[in-house]
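Take the sequences, apply the hints, and build the full model.
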Amino acid sequence: MTNDIYGPFPAGSGRFPDKDWLDALTEGQRARYEELGTNLEVVERRIADACAAAGRARDEVRLIVVTKTYPAEDTALLAGLGVTDVAENRDQDAAPKAEQCRNLPLDWHFVGQLQTNKVRSVVRYADHVHSVDRPRLVESLGAAVRKAGRADLGCLVQIALDKEHGEGEHRAGVAPADVAALADAIADTPGLRLDGVMTVAPLAGPLAGDPAAAFDRLAEIATAVRTDHPAATMVSAGMSGDLEQAIAAGATHVRVGTAVLGVRSPLG
-4 MTNDIYGPFP AGSGRFPDKD WLDALTEGQR ARYEELGTNL EVVERRIADA
46 CAAAGRARDE VRLIVVTKTY PAEDTALLAG LGVTDVAENR DQDAAPKAEQ
96 CRNLPLDWHF VGQLQTNKVR SVVRYADHVH SVDRPRLVES LGAAVRKAGR
146 ADLGCLVQIA LDKEHGEGEH RAGVAPADVA ALADAIADTP GLRLDGVMTV
196 APLAGPLAGD PAAAFDRLAE IATAVRTDHP AATMVSAGMS GDLEQAIAAG
246 ATHVRVGTAV LGVRSPLG
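Position 40 (the sequence shown) corresponds to 35 in this note's numbering; numbering is contiguous.
I should point out that these hints are in silico values taken from the structure, not numbers from a laboratory.
Just so you know, even glycine gets a beta-carbon here, dropped at the ideal spot from N, CA and C.
Mixed in with the good hints, there may be bad ones.
To be verified - List time: in silico DMTMM-like cross-link candidates among lysine to aspartate or glutamate, alpha-carbon distance up to 20 Å: (1) K14 to E30; (2) K63 to D18; (3) K142 to D183; (4) K113 to D147.
To be verified - Each pair of labels, with its calculated beta carbon distance range: (5) R115 to A49: 36 to 44 Å; (6) R131 to Y1: 30 to 38 Å; (7) R131 to G32: 14 to 22 Å; (8) D18 to T222: 47 to 55 Å; (9) Q95 to A172: 37 to 45 Å; (10) E30 to A226: 34 to 42 Å; (11) P201 to G23: 46 to 54 Å; (12) T111 to A146: 16 to 24 Å.
Printed below as a string of structure tokens:
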């Protein structure tokens, strides 16, 4: 067996690699594999404890590992550890990484601000786009999906909670008052599927520094969206520093990077 950690995993192993795959790792790959495994165990315990504290079942929350700025090799090792969902925020990094890992059993989430000139590339690999925040992007995504002839693309409305209080005018995300209209636009666009909502704890306004309150507000908005779109059940919230508060407020997906992969180096 060659040292090809990019899959597909050996036959008969399902979503996990077998002993041959593990034995073929180089010394450096093995060390990183073990480091990532240890970090994942800590994060998994945090998620499990947060679910228990909130009276929720562990399987109600899905871990998305944010692999931005880290190499495709780390993504492959994460797949070997059982990670099923990975996220990227820049297409120029994500596209080649997704191509290299195309044979691995992964769902790809795009979580960064998305410019319309990158849409055609993103729809080639993304299963979900969490950062839909304007009608023009909805139109571009729908057109690109239809042209590509691919399955429907899952979309989440990115909400900027600080805009509810007149802050963050230039920040990515739609104001809470505009969520319903954008959700309707996604749901009505052929090629797109409205999956739910996403936010990042705000840096300005009365909810800044209070992720618990911010995520409670997101939960209210998510409930309102589900009134008109019952299938839009995804609530993407919480990162390495505030995943517990997000889970307490009902998040279904947490986006964790640093706690799994370590402190990131500056982007090149």
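Cross-check of the supplied hints:
For the proposed pair K14 and E30, the alpha carbon gap of about 18 Å is at most 20 Å, so the pair holds. Distance hint between K63 and D18 is unfulfilled; the C-alpha atoms sit about 27 Å from each other, more than 20 Å. The suggested pairing of K142 with D183 holds, with an alpha-carbon distance near 17 Å, which does not exceed 20 Å. Taken as a hint, the K113 and D147 pair is honoured in the structure, with Cα atoms around 18 Å apart against an allowance of 20 Å.
Hint check: R115 to A49, Cβ distance near 40 Å, so the stated range 36 to 44 Å holds. For R131 and Y1, the hinted distance range of 30 to 38 Å is satisfied, since their beta carbons lie about 35 Å from each other. Between R131 and G32 the C-beta distance comes to about 42 Å, which lies outside the given range of 14 to 22 Å. Distance hint check for D18 and T222: the Cβ-Cβ separation is about 53 Å, which falls inside the suggested range of 47 to 55 Å.
The supplied range of 37 to 45 Å is met by Q95 and A172, whose beta-carbon atoms lie about 42 Å from each other. Here the CB-CB span from E30 to A226 is close to 38 Å, well matched to the stated 34 to 42 Å. In this structure, P201 and G23 meet the distance hint of 46 to 54 Å, their C-beta atoms being roughly 48 Å apart. T111 and A146 have their C-beta atoms about 21 Å apart, which keeps the hinted 16 to 24 Å range intact.
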